[in-house]
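> Each chain, written out:
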Amino acid sequence: MSAAADAAGVRLTGVKKWYGQVPAVRDVSLGIEPGEMVCLLGPSGCGKTTTLRMVAGLENPDAGEIRIGSTLVNGLAPWKRNLGMVFQNYALFPHMTVFENVAFGLNMRRLPAAEVRRQVDAAMAQVRLAAFGERRPSELSGGQRQRIALARAIVTKPSVLLLDEPLAALDKKLREQMQVEIKQLQRQVGVTTIFVTHDQEEALTLSDRIVVMDEGRIVQIGTPSEVYERPRSRFVSDFIGFTNSVSGRVNSIDGAFTRVTIASGQVVTVPSGAGIAAGDAVDLVIRPEKIVVDPTGLVDRSVIPGTLAHMVYTGAVTYYHVDIGGGAILIAMAPNPDLHDLPALGSPVALGFKPDNMLIFPRRAES
Amino acid sequence: MAVAIADMTDKIEQRPRARVDLARLTALVALLAPAVALLGIGLVWPFLKMLAISFQDRFPDPTALTFANYATALTDPYFLRITLRTFSLALVVTLITAVLSYPVAWFLARSNSRWKHLVFLAVISPLMVSIIVRTIGWTIILGNEGMINALLVGLGIVTEPLRLMQSFWSVVVGMVHILIPFMVLSIATVLGKIDPGYAEAAAVLGASPVRNFLKITLPLSVQGIASGSVIVFCLTVGAYVTPVMLGRGQVAVLAVTIHEQMVVLVDWPTGAAVATVLTGGTLIVLLLYGLFLRRHSRR
Ligand SMILES: Nc1ncnc2c1ncn2[C@@H]1O[C@H](COP(=O)(O)OP(=O)(O)O)[C@@H](O)[C@H]1O
Ligand SMILES: [Mg+2]
Numbered sequence: 001m002s003a004a005a006d007a008a009g010v011r012l013t014g015v016k017k018w019y020g021q022v023p024a025v026r027d028v029s030l031g032i033e034p035g036e037m038v039c040l041l042g043p044s045g046c047g048k049t050t051t052l053r054m055v056a057g058l059e060n061p062d063a064g065e066i067r068i069g070s071t072l073v074n075g076l077a078p079w080k081r082n083l084g085m086v087f088q089n090y091a092l093f094p095h096m097t098v099f100e101n102v103a104f105g106l107n108m109r110r111l112p113a114a115e116v117r118r119q120v121d122a123a124m125a126q127v128r129l130a131a132f133g134e135r136r137p138s139e140l141s142g143g144q145r146q147r148i149a150l151a152r153a154i155v156t157k158p159s160v161l162l163l164d165e166p167l168a169a170l171d172k173k174l175r176e177q178m179q180v181e182i183k184q185l186q187r188q189v190g191v192t193t194i195f196v197t198h199d200q201e202e203a204l205t206l207s208d209r210i211v212v213m214d215e216g217r218i219v220q221i222g223t224p225s226e227v228y229e230r231p232r233s234r235f236v237s238d239f240i241g242f243t244n245s246v247s248g249r250v251n252s253i254d255g256a257f258t259r260v261t262i263a264s265g266q267v268v269t270v271p272s273g274a275g276i277a278a279g280d281a282v283d284l285v286i287r288p289e290k291i292v293v294d295p296t297g298l299v300d301r302s303v304i305p306g307t308l309a310h311m312v313y314t315g316a317v318t319y320y321h322v323d324i325g326g327g328a329i330l331i332a333m334a335p336n337p338d339l340h341d342l343p344a345l346g347s348p349v350a351l352g353f354k355p356d357n358m359l360i361f362p363r364r365a366e367s
Numbered sequence: 001m002a003v004a005i006a007d008m009t010d011k012i013e014q015r016p017r018a019r020v021d022l023a024r025l026t027a028l029v030a031l032l033a034p035a036v037a038l039l040g041i042g043l044v045w046p047f048l049k050m051l052a053i054s055f056q057d058r059f060p061d062p063t064a065l066t067f068a069n070y071a072t073a074l075t076d077p078y079f080l081r082i083t084l085r086t087f088s089l090a091l092v093v094t095l096i097t098a099v100l101s102y103p104v105a106w107f108l109a110r111s112n113s114r115w116k117h118l119v120f121l122a123v124i125s126p127l128m129v130s131i132i133v134r135t136i137g138w139t140i141i142l143g144n145e146g147m148i149n150a151l152l153v154g155l156g157i158v159t160e161p162l163r164l165m166q167s168f169w170s171v172v173v174g175m176v177h178i179l180i181p182f183m184v185l186s187i188a189t190v191l192g193k194i195d196p197g198y199a200e201a202a203a204v205l206g207a208s209p210v211r212n213f214l215k216i217t218l219p220l221s222v223q224g225i226a227s228g229s230v231i232v233f234c235l236t237v238g239a240y241v242t243p244v245m246l247g248r249g250q251v252a253v254l255a256v257t258i259h260e261q262m263v264v265l266v267d268w269p270t271g272a273a274v275a276t277v278l279t280g281g282t283l284i285v286l287l288l289y290g291l292f293l294r295r296h297s298r299r
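From first to last, the protein sequence lines stand for chains R and X. Mapping to the numbering used here: the first sequence position 63 is 63, numbers consecutive. Mapping to the numbering used here: the second sequence position 167 is 167, numbers consecutive.
Some hints could be false.
As the list claims (entries may be wrong) - Computed cross-link-like contacts, SDA-like style, restricted to lysine to any residue with a CA-CA straight-line distance of at most 20 angstroms:
| # | chain 1 | residue 1 | chain 2 | residue 2 |
| --- | --- | --- | --- | --- |
| 1 | X | 116 | R | 20 |
| 2 | X | 193 | R | 96 |
| 3 | R | 157 | R | 76 |
| 4 | R | 172 | R | 44 |
| 5 | R | 80 | X | 210 |
What the hints assert, rightly or not - Quick look at which bits of chain X chain R covers, simulated, 3 or more residues with Cβ under 8 angstroms:
| # | region |
| --- | --- |
| 6 | 192-198 |
| 7 | 210-221 |
To be verified - Incomplete in silico selection of chain R near chain X, CB under 8 angstroms:
| # | residue |
| --- | --- |
| 8 | 75 |
| 9 | 78 |
| 10 | 83 |
| 11 | 85 |
| 12 | 87 |
| 13 | 89 |
| 14 | 93 |
| 15 | 95 |
| 16 | 104 |
| 17 | 109 |
| 18 | 142 |
Since the hints were made in silico from the structure, they are not lab data. Quick caveat: nothing in here was measured; it's all calculated off a predicted structure. Ideal Cβ positions, reconstructed from N, Cα and C, are used throughout, including at glycine.
Given only the sequences and the hints, what does the whole structure look like? Please build it.
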């Protein structure tokens, strides 16, 4: 990742925002490096858009500081911030042609017409829509509008690029294609980027770092693999990726290891978690792909026996739903490398996992 | 007029024409029939009748067809002056109404203020009072013994009451007051439908509030100004009561002249020709306006 010369870092310190009595953002502190691509990820209503709009200057924070580069921007009008933004519905100006849309920011900066034309042409070539300048936004497909919105946002060489769920309106296939394009474009331009999404897969694919938010707060910041492999809370582990959970009670804690008795009565040894004491009700959480079906011959695995209750074949992989007793089901995911016979339903299966991959969290109140 | 409005409101997107089946066609005819019948009896027939009269040498009992009535209506300095005054009045009233209405419409469409409903009520309240009552209200304010003159004389600013009535501008004031609700509502409806995201996107792209308004909000609300202007222009061009009452006979407009010509002077053919000139002139103005808007919103 090569930061462009004018890419700026962004720093939020203790930022808060209420809408009337509704706290939309409560105490967000976050530093973003120049040229970095950061995702704000969280469920709908957790304050992602509000945070982004405060960086853009479209909302004013009720408390805290926002800095772009070294400039404190609290109270600075949006048109003085030199930002690029792609809105969820793109907000392409319907009364202008595609060319005029892309040229808008440059015209606002009073560049000479020839220069505007040159830069607009370059930006439109960059998003591979060079021939579409004379069309109206209404004459473009969803994916093309998306790319024009992107071209309009980057053509002014903004110090920060803000994207609010830019792919949410596209179908799955186009979304995946656009993810790749956005990432390539961002690398090419080297612009600091804040990307809002509620789609965990999008966040994992695109970000240098993911900021997971819940109810107006940041609950974890980390690289995609950190957030995926080492979620710091049950909320994060559930929100990102698919998880299994088995409830149990802490039997004893021996330094780095905790022994947990699970519903089936079996005792499982897992790495200790913060703030968990002997006798606590806990949930053990593990991802399906970390569980091996029939771990014969593999070392360092804990093994749990069970019976095969259900199978979901999806082509590339198969999900094995295994009843491990006491009403608990663990799901294991295994690739289908060769044409092979799948085990029969009801047959005994052994599940193996590395204790390191089993995460321990306090039992959640509900369910 | 219908043509001009259709031109202005048609969308950039064009859909393929849907095929209409017989049942739908029947239903459509049934639904439209009452309105068409009413228009036919109340508008088209009288209009055709008047058109016919305008070419007759006398009415009733014509002896020949002639263009003489039109020659009079279009060349007689008396009629020319009145035609010019009528169309200037409509133009001035439309302009002033648009300028005064836009900020109010903006407030109604965009504000979250708790005064909003009160302002809305204030805007449409003139519509709930008869035009005569409203016009008399203005005579109370503008008349020689009216409020403004009483104030000016009382304060010793003038010794003689000013002649505020009986002038072109007193008619303008009255017309603007009467027609403002139509303009405000037309503009507010369109402004309210504009996604605030456009102005936000423009702001992030570097547009200051003034440029944002000129480049984004104003062009996007042209439809509202256009439909409001058409209503206001047409209502002013054909206005009768207000010019008579606030002009006190000194501000002759076409509607008044037509009435005089036909009913007072019992010269139906000339009156009919003047009326046709009024209708034709209005159509031409609206057509030009439509073309102008089309050119400027397509570019
Ligand atoms: N303009 C607004 N007026 C009132 N409440 C709002 C407004 N915008 C957002 N909110 C509230 O603030 C919270 C955060 O919203 P938002 O930032 O849009 O969440 P997200 O983008 O993560 O879905 C939500 O509870 C939402 O209902
Ligand atoms: Mg949002």
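> Could you check if residue 89(R) really has its C-beta closer than 8 angstroms to a C-beta on chain X?
Since the shortest Cβ distance to chain X is 6 angstroms, the answer is holds.
> Quickly compare the C-alpha distance for residue 172(R) and residue 44(R) to 20 angstroms and report which way the hint goes.
Roughly 19 angstroms between the alpha carbons, so the hint for residue 172(R) and residue 44(R) holds.
> Should the interface hint for residue 95(R) be scored as holding, given a Cβ-Cβ cut-off of 8 angstroms against chain X?
holds, 5 angstroms
> Less than 8 angstroms between beta-carbons is the criterion; does residue 83(R) satisfy it with respect to chain X?
holds, 6 angstroms
> Measuring from the C-beta of residue 78(R) to each C-beta in chain X, is the shortest one below 8 angstroms?
The hint holds - residue 78(R) has a Cβ within 8 angstroms of chain X, the shortest such distance being about 4 angstroms.
> Is the interface hint for residue 109(R) satisfied, with its Cβ closer than 8 angstroms to some Cβ of chain X?
holds, 6 angstroms
> Can the hint on residue 104(R) be confirmed by a CB-to-CB distance to chain X that is less than 8 angstroms?
At 5 angstroms from the nearest chain X Cβ, residue 104(R) passes the 8 angstroms test, so the hint holds.
> So if I understand the rule, the pair passes when the alpha-carbon distance is 20 angstroms or less; does residue 193(X) with residue 96(R) pass?
holds, 18 angstroms
> Between residue 116(X) and residue 20(R), does the CA-CA distance stay at or below 20 angstroms?
It holds: about 19 angstroms lies between the C-alpha atoms, which stays within 20 angstroms.
> Tell me whether the statement that chain R covers the region 210-221 of chain X is true, taking a Cβ distance below 8 angstroms and needing three residues at minimum.
The restraint on the region 210-221 of chain X holds, since 6 of its residues have a Cβ under 8 angstroms from chain R and three suffice.
> Can residue 85(R) be said to touch chain X, with a Cβ gap under 8 angstroms?
Check passed: Cβ of residue 85(R) comes within 4 angstroms of chain X, closer than 8 angstroms.
> Has the given pair, residue 157(R) with residue 76(R), been kept, meaning a C-alpha gap of at most 20 angstroms?
Given that 20 angstroms is the threshold and the Cα spacing comes to 19 angstroms, the pair holds.
The structure is inconsistent with the numbered hints 8 and 18, although it conforms to all the rest.
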